[in-house]
Amino acid sequence: MGIIYFCRPSRHRAISIITKGLKLIAGLTVLVLFQWLGELVVKWTGVIVPGSLMGMLILLICLAYPSGLAAIVGPVSNRLIQNLSLLFIPACVGVFSLGPAISLQIPQLMVVIALSTLLVIIFMTVLITTIGAAKND
Numbered sequence: 001m002g003i004i005y006f007c008r009p010s011r012h013r014a015i016s017i018i019t020k021g022l023k024l025i026a027g028l029t030v031l032v033l034f035q036w037l038g039e040l041v042v043k044w045t046g047v048i049v050p051g052s053l054m055g056m057l058i059l060l061i062c063l064a065y066p067s068g069l070a071a072i073v074g075p076v077s078n079r080l081i082q083n084l085s086l087l088f089i090p091a092c093v094g095v096f097s098l099g100p101a102i103s104l105q106i107p108q109l110m111v112v113i114a115l116s117t118l119l120v121i122i123f124m125t126v127l128i129t130t131i132g133a134a135k136n137d
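Positions 1 to 137 (this note's numbering) are the ones given, in order, by the sequence shown.
Watch out, some of these pointers could steer you wrong.
What the hints assert, rightly or not - Restraint-style ranges between C-beta atoms, simulated for each label pair:
1. ALA70 x LEU109: 32 to 40 Å
2. VAL111 x LEU57: 23 to 31 Å
3. ILE81 x ALA114: 24 to 32 Å
Calculated from the structure, these hints are not laboratory results.
Just so it is clear, CB atoms sit at the ideal spot from N, CA and C, and this is done for glycine as well.
All chains, please: the whole structure from these sequences, using the hints.
Right, dumping it as structure tokens:
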């Protein structure tokens, strides 16, 4: 495939690109709507959970039941996961700009990192064991 392939006008290829773009926009719209729904639930119930997390929990519940929602959200979620490292750049910049303030809290940060890593390892062990036992039954 040379440059000629990409420069050649093709109605089918243009429609394919538009269709892919619309699928990504539809998936992104669904994700934003679930985030908004989570914000509403948190506001109405007064639960002390971030609204975006509540929205993702509601989305997880909806994805657990068979529907076309997974096909809509799938392409955009794959794109977001592929570019996930870009979403951490603002946090890294904040860490570098707040160096002196963070250096005072290094012992606390190390304890939190160690404990959270240990909890994740324990949780994943229990989860994998449970899933393995369920598949064997």
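Indices of hints not satisfied (ascending): none
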